[in-house]
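*Asks:* Here's the letter readout for the chains.
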Amino acid sequence: MTGRRGTGPATGGTAPGVRGRLSRALSPATAFSGRHQSLTTVVTFAVIGIILPVIVLFPPFSGFGTQNDWVGGFADAGIFVLLAIGLNVVVGWAGLLDLGYAAFFAIGSYTYAYGASPFTGVHIPFWAMLPVGAFVAAAFGILLGAPTLRLRGDYLAIVTLGFGEIVPAVFLNASTLTNGTNGIVGLDQPSLGRLFGVGDFGFTNPWPYFATILAIIAVAFMLLSRLENSRLGRAWVAIREDELAAASMGINTVTTKLLAFAIGASTAGLAGVYSAAKLSIVSPDQFNFTVSFTVLAMVVLGGMGNIWGVAAGAFLVFELQSQGLKQLNTFIGSLGLPSFQLGPITVDLATINFLNYQYLLYGLALVLMMLLRPEGLFPSRRRRRELHESPDEAERGNVELSEAEAVEP
Amino acid sequence: MTPATAPLGRARLSAGRWNLALGTIAALVAAYVIMDLGAGGEGQAQFINALTIGAIYALIALGYTMVYGIIELINFAHGDVFMVGSFVSWWLLTTIGFSGAITDPLLLGVILAVGFVFSMGVMGVVGMIIERFAYRPLRNAPRLAPLITAIGVSFILQNVIQVGVSNSIVTTPQIIPNTTLNIGPVSIRAINLFIIVLAVVLMAALQLFIGRTRLGRAMRSTAIDRDAAQLMGVDINTTIALTFFIGSGLAGAAGVVQGLYFGVTVFTLGFYAGLFAFTAAVLGGIGNTTGAALGGFVIGFIQVIAAVYGYGVWSEVVVFTALVLVLVFRPTGILGQQLGERA
Amino acid sequence: MKYARMGAALAAIAMVATACSSSSSPSSAASAAASAAASGGGGGAVVNVKIGIELPMSGGEAPNGVPTANGVALALDQIKVPGFNVTINQQDDAVNGVHNPQQGAKNIQTLANDPTVLFVVGPFNSNVAQAEIPVGNAAGLMQCSPANTYPGLTKTWGGVDPKTLRPTNPDKIAYVRVATTDDLQGAAGADIAYNIAKAKTAYVADDTQTYGKGLADVFATDFAKLGGTVVKRDSIPGSTTDFTSYVTTLKSLNPGYVYYGGVTTSGIGLFRLQMAQQGLQTIPFGGGDGISDGSAATKSSFLQIAGTAGDQNTYSTVAATHDIPNASAFADAYKAKFSTAPGAYSAAGYACAQVFLQALQAVGSGVTDLKTLREDVRAYVADPSHSYDTQLGKFSFDANGDTTQHIISYYGFDATTQDWKFLQQRDFTAKPLF
Amino acid sequence: MSGEQRPGLVLDARGVTKRFGGLVAVRAVDFTIPSGSIVSLIGPNGAGKTTFFNVIAGVYEPSNGEILFNGETVIARPRRTWAEPIYWFVIPTILLILAVAALLAGIGIIGHLLFLATLLAIIPALIVALTRPRWYVRMIGRAGIFRSSRPNEMVSLGIGRTFQNIRLFGNMSVLENVMVGMHSRMHANLLDAALRLGRHRREEEAAVRDARKWIKYVGMAGYENEAARNLPYGYQRRLEIARALASEPKLMLLDEPTAGMNPVETREMTELIARVRKDLGITILLIEHDMGVVMGVSDRVTVLDHGEKIAEGSPDEVRANPRVIEAYLGRGAASA
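Protein chains in written order, with this note's numbering: chain Y, 113 to 521; chain X, 721 to 1063; chain Z, 46 to 479; chain R, 2 to 337.
These are computed hints drawn from the structure, not numbers from a lab.
Even for Gly, the Cβ is constructed at its ideal location relative to N, Cα and C.
It cannot be assumed that every hint is accurate.
Straight-line alpha carbon distances no greater than 20 Å define the calculated EDC-like cross-link-like pairs of lysine to aspartate or glutamate that follow [to be verified]:
(1) K208(Z) x E431(Y)
(2) K476(Z) x D443(Z)
(3) K243(Z) x D459(Z)
(4) K217(R) x E266(R)
(5) K251(R) x E266(R)
(6) K214(R) x D291(R)
(7) K438(Y) x D459(Z)
(8) K251(R) x E272(R)
(9) K251(R) x D211(R)
(10) K251(R) x D280(R)
(11) K277(Z) x D756(X)
(12) K476(Z) x D228(Z)
(13) K200(Z) x D459(Z)
(14) K296(Z) x D756(X)
(15) K217(Z) x D312(Y)
Computed from the model, here is a short list of chain Z residues facing chain Y with C-beta under 10 Å [claimed, not checked]:
(16) M102
(17) D137
(18) H144
(19) I153
(20) Q154
(21) P207
(22) K208
(23) L210
(24) Q254
(25) D279
(26) S280
(27) H367
(28) D368
(29) P370
Ranges of calculated distance between the beta carbons of each label pair, as one might list FRET restraints [unchecked claim]:
(30) P857(X) x G47(R): 49 to 59 Å
(31) F176(Y) x I816(X): 44 to 54 Å
(32) T442(Y) x A342(Z): 32 to 42 Å
(33) D216(Z) x I110(R): 44 to 54 Å
(34) A327(Y) x A424(Z): 34 to 44 Å
(35) A90(Z) x V166(Y): 29 to 39 Å
(36) N93(Z) x P171(Y): 38 to 48 Å
(37) A240(Y) x D947(X): 52 to 62 Å
(38) G233(Y) x G22(R): 54 to 64 Å
(39) I92(R) x V885(X): 44 to 54 Å
My request is simple: use the sequences and hints to build the entire structure.
*Replies:* Structural data, given as structure tokens:
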């Protein structure tokens, strides 16, 4: 990310050519956004909030659905954007691989279900439940993290994966407390109490939801990007790069990692509360490992570490999944391509349902992305450095090895 | 880089070996007693069930642990390699044209041998291909990168089977006759005995291979220090490919066993099997082949005990709780070596 | 969740119907279509309206959704309502190949946003329905599910009032279903176990899913009410393929009957297979329509997976009348149009479409305002006094939106045909179990 | 060397022993560093220098002995007491096992009571974990199972260090590297940063100013925005020192700061080290192989061999010590 607190855009001195000229040309704007980051965030989201609903009125988007459909879809995409930027804190910044992220999403959702449904008979307003859900998810993040964050990265991955399986399993099997597989239904709708003329959000009008998720994301963005450029954000990156060196620079690695975990979890908690309120039911099978892996794919494809890239990645992947592949079916079907022989198999593109190949496409995207463009579509500057290895990196690896040996008696 | 990953090969437990043996026996006795209490007279049968699925987990876990030992990568696709292996054996047996038990012992032996060799070979090659294209280019990249390609490969394998073969359960011919053998006081079905013996033989062969052969030494030395091994003339690429071949081959064998024992396979099989097998590898101490086998049996017993007492739905929770507890108190697993201070 | 995973059941129905009805009555659906087409000529301007379809259409769940949607399409082909041109707005609630409540809610919203959509056929899965009912209720858009059987969607169940699913207009029904609920099917299962298989003790298991668990719970309750004893109640996660330890447990309990609530994809066939492996194939085994999914020759069906050795003691139920009118004509027409045999829910989809078309015919003449029309259709279908003559027989919807057709068909395994054989059907309205 | 600490000692290590399994890497070493001095630790390869160094830096815990920093015990062999949080979990776990056992055995009432007791026993731990997470982690850290916070605590106390093989944050800029060094001197917490309170902004601005100052001090002005991994080797060494200086240490541990340098770079580095002591009054502990450097800057030299201290004194005394000659110079005469 460029522009940390008035130091101006750090072009790194090595960006020649077009990129350099471009960044020089844009430098007043970049400098402004560097200084007034939060204002920029708010303005950006306001612009997004206006542009997105407008752009879908025009072809080709208008052909795929009405404006209301699109806006409803954007509101759903917002859930994944929120999840992705939360996971980005854990994976992209602190470098901890969390494969059970959906667990915190589930915890946020069930928190809302307990706080605002006929199931418990408690009816706390949605707005109050947002911070509560975030807090509860964060608390579980700490409870899980405290014993396990000492573990090495890969072990952490498997423990989080396990946690991601345990949480839905508990919601499924502790049926007296959670209504089991049927889930908890009839959750309260958010309400503004006649403010702006909006009472209950209801089920038919997507606009209040769209505005709400946009606001939640904007706030999350503001807070998270402030963290990125703070003492804490630097500590996360330092831990990701070299944990021992980070500890030797005075960083309490456990606390810092725990904070990353808790903040990531709380963002998922927010998403969970919002999603539960929008859907008005929670059931255990909404939170299986597909959710965790999808969000991880979004983070990786978007560009680990770059909060804007991750958000864009999540948005694109979600829209591709919910609109793109379906349209691809229609599109290819409309081309009227002839079928052809591929060895013993007859391939008829028109009959292929691309929705069936979502996993294949995900998988290929993940592999190719790692092989060809490991930093993702919209990489952060730092990640680009890290993932495109210079020749002396290999040397560095050797150096580390011998250091490790030296540490051994 | 970790200073001291437990190397492949026999657990370096000179003093602890007796403890290990005694501990294992004590644990087995305890497990038997617990099962017998809950199983209402079928304790022995349940014990054999646990040993059998433990053996399957152990076979899969070996692949995880070998790959981890040598390149420190959680090969997330390994569970799906196992799944594909079960489909390969399904394809072979249905293509040859068997649908039921084969009673002629000679023919059965031949078919089994062909089936295992074929599946193990095919899956070994698949494993090598995966390594060559998805992991090798990333060998010096940050650790997250190959982990993510592994997840990607897992998606690809699942989807290929789902779309290309079947999106539902397929039935595999069970060619081993359903007979019960009585050996002294023990009554055991032929298939269970076959699986347990097969797993033990394969594991023993693996130990011998790693411990006694030149290639095994190459693997061990690569696991301990890749650069030093290279300097000593070990061909790293070949050695790592070989590791993948063996690990994936074992998963292929487990795939055949899956078909023979349960009679079905399905494209989603790999995820949970892989999850449990990897947990087994970590429980036992990853990088340690004996530990992986031990972990596999531990998980088998946990699952069966949970089922016996009517808590089958909680077995997943119990397994992962056990994993967290073991890692908290012994961060390197049951048989893992103590790592250096920093990891 | 499931209404009738009964592709084969339908095929069987078709065969039986061919055998005994001897095609004396021509297809009433076809004739209705013909007469409608004939009389519909003079109505003036034709109003373009749509019927929404909201089913899982991709991935592993395509076999559920596609044939059902085809049933709807077939109905639209065959039956014309004068003055209206009915087309389809198709939505898919599968994400990554798995049904997804979030997507379902979004789809129903999309359908509600399309002013020409007057009626929706779907959803398929109960938890998708739970997410959709509030939306459809708020939008005043009538939904007809061909497949939901979870009782809690329409009546108080497990202490939950279905009105919580309708927060916007609690007293307005915007969801009906043509499937009989699981409480009757569970009761039918208990009936089979106690009265047909003459078992006094039973082992009951489920696959932890809504459908399976509901069914198994009802079975356990009703079996006890009939005087039997449930020796053990197990839940087995659907992802498992290892049932050996459960079967071994079963062996030590030696019950007179085994009832397993769930669907084939959860591995129930495997349970039966492993029972046979451990020599327990003589214990009668029963399940719901989740296992009535075809003969032993059908790929991935319960009977194929279970293997056929000694399975004469296997029973299943289907929550529908066995004597479907004109089954053969329906099967033929379906085959002619889609060149495959009808799927498990094709007839149910067809029936849902018929409900809509008959309602449209009743309220539609002269109304051109689509908003009014949508509400009129909803109100007509929600009114318990109206009845419908459909592919599933004649029925109406009660005040909750449930079908009044409470007929469960009983099937048993027939070793000679290697298929399910119709045993009897029981009308629970006329002849309740208790 | 027991008894009250003498005035003027920054560091006082008493009987430090470190074992790795059966291997004793450091054996009962007493070691002191007077305030404001430059002390060198030398010894042949494998003598336990780096191990000892890592014990002081908090990376390893000593198997025995204690280390006093500014007269306060900061590192000692951890002892477990029953008050430690880990035991809060032991009791509930035992209760839970008993409860499950009782339930399985069919003694429902006892099982339920035990289960209740489990909840009661775990609640204090949960409350602490939820309300005071930092404190909870610190307490757990003391229990000896989750020790990780040692090195950073040493930094907070005033010990900065460099590494034998450079461990910079390669993908961060030079400026960021130095700012990470200031971590323990900065106080902005999560809320300050998230809400960007004035305190945080002022602190960040001051941090940038200070970081630039340190970069200039080690002679790297103009490289602020360069990625650390792209720096030339000598600069990487300097940056490590700048990063360590940024934590405002009282004692700086330099692990072979001139390793791999050419004579010019070595001379510059030696000058820098001397300057750090002179300008900033920072005490320095040096591990070094280059005897020229050691003899040139050190006030005192300590020699380790096979984990034991074999000599201590001024450079000249050590040079003349026969045991040292035998153990070290005798074999490595070329470097003497």
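*Asks:* Could you run down the list of hints and mark each one as holding or not?
*Replies:* Against the structure, the hints:
Straight-line distance between C-alpha atoms of K208(Z) and E431(Y) comes to about 33 Å, which puts the hinted pair past the 20 Å bound. Between K476(Z) and D443(Z), the direct Cα distance comes to roughly 18 Å. Compliance with the 20 Å bound is thereby established for this hinted pair. Distance restraint check for K243(Z) and D459(Z): the Cα-Cα separation of roughly 18 Å lies within the 20 Å cut-off, and the hinted pair is therefore satisfied. Only pairs whose Cα atoms come within 20 Å are accepted, and K217(R) paired with E266(R) is accepted, the gap being roughly 17 Å.
Of the supplied pair hints, the one linking K251(R) and E266(R) is violated, its CA atoms being roughly 25 Å apart against a limit of 20 Å. Taking the CA atoms of K214(R) and D291(R), the gap is near 29 Å; set against the 20 Å cutoff, the hint is violated. The hinted pair formed by K438(Y) and D459(Z) fails the criterion: a straight-line CA distance of about 43 Å is larger than 20 Å. At most 20 Å may separate the alpha-carbon atoms for a hinted pair to count; K251(R) and E272(R) meet this at roughly 19 Å.
Proposed proximity of K251(R) and D211(R) is supported: the alpha carbons are some 17 Å apart, at most 20 Å. Distance restraint check for K251(R) and D280(R): the Cα-Cα separation of roughly 13 Å lies within the 20 Å cut-off, and the hinted pair is therefore satisfied. A distance of roughly 17 Å separates the Cα atoms of K277(Z) and D756(X); the hinted pair therefore holds under the 20 Å criterion. Among the hinted pairs, K476(Z) with D228(Z) is consistent with the structure: their alpha-carbon atoms are about 15 Å apart, no more than 20 Å.
Distance restraint check for K200(Z) and D459(Z): the Cα-Cα separation of roughly 36 Å exceeds the 20 Å cut-off, and the hinted pair is therefore not satisfied. Restraint check for K296(Z) and D756(X): the C-alpha separation of about 14 Å stays at or below 20 Å, so the hint holds. Distance hint between K217(Z) and D312(Y) is fulfilled; the C-alpha atoms sit about 18 Å from each other, no more than 20 Å. At about 8 Å, the closest approach between the beta carbon of M102(Z) and any beta carbon in chain Y falls short of 10 Å, and the interface hint on this residue holds.
The interface hint given for D137(Z) holds, since its Cβ lies 7 Å from the closest Cβ of chain Y, which is under the 10 Å cut-off. A cut of 10 Å between beta carbons decides the hint on H144(Z): the least distance to chain Y is about 9 Å, and the hint holds. Annotation: I153(Z) was flagged as interfacial toward chain Y, and the flag holds, the nearest CB pair being 9 Å apart, inside 10 Å. Taking 10 Å as the C-beta cut-off, the interface hint given for Q154(Z) holds, the closest approach to chain Y being about 5 Å.
Interface hint status for P207(Z): upheld, as the beta-carbon distance to the closest one in chain Y is roughly 9 Å, under 10 Å. At its closest, the beta carbon of K208(Z) sits 8 Å from a beta carbon of chain Y; the interface hint therefore holds under the 10 Å criterion. Taken as an interface hint, L210(Z) checks out: its beta carbon lies about 6 Å from the nearest beta carbon of chain Y, inside 10 Å. Look at Q254(Z): its Cβ gets to within about 6 Å of chain Y, closer than 10 Å, so that hint holds up.
With a cut of 10 Å, the hint placing D279(Z) at the interface with chain Y is violated, because the nearest CB-to-CB distance is about 12 Å. The criterion of a C-beta within 10 Å of any C-beta in chain Y is met by S280(Z), whose closest approach is roughly 7 Å, and the hint holds. For the restraint placing H367(Z) at the interface with chain Y, the shortest Cβ-Cβ distance is roughly 30 Å, beyond the 10 Å limit, so the hint is violated. At a threshold of 10 Å, the smallest CB-CB gap from D368(Z) to chain Y is about 33 Å, leaving the interface hint violated.
Taken as an interface hint, P370(Z) does not check out: its beta carbon lies about 34 Å from the nearest beta carbon of chain Y, beyond 10 Å. Hint check: P857(X) to G47(R), Cβ distance near 38 Å, so the stated range 49 to 59 Å is violated. In this structure the supplied range 44 to 54 Å holds for F176(Y) paired with I816(X), their Cβ-Cβ distance being about 50 Å. In this structure the supplied range 32 to 42 Å holds for T442(Y) paired with A342(Z), their Cβ-Cβ distance being about 35 Å.
At about 47 Å, the beta-carbon gap between D216(Z) and I110(R) stays in the expected band of 44 to 54 Å. Between A327(Y) and A424(Z), the C-beta spacing of about 38 Å keeps the proposed range 34 to 44 Å intact. Under the hint 29 to 39 Å, the C-beta atoms of A90(Z) and V166(Y), about 34 Å apart, fit the expected range. Checked against the hint of 38 to 48 Å, the C-beta distance between N93(Z) and P171(Y) comes to roughly 22 Å, which is inconsistent with it.
Here the CB-CB span from A240(Y) to D947(X) is close to 58 Å, well matched to the stated 52 to 62 Å. Taken as a hint, the range 54 to 64 Å holds for the pair G233(Y) and G22(R), whose Cβ atoms sit roughly 60 Å apart. Taken as a hint, the range 44 to 54 Å holds for the pair I92(R) and V885(X), whose Cβ atoms sit roughly 53 Å apart.
Checked against the numbered hints above, the structure violates hints 1, 5, 6, 7, 13, 25, 27, 28, 29, 30, 36; every other hint is satisfied.
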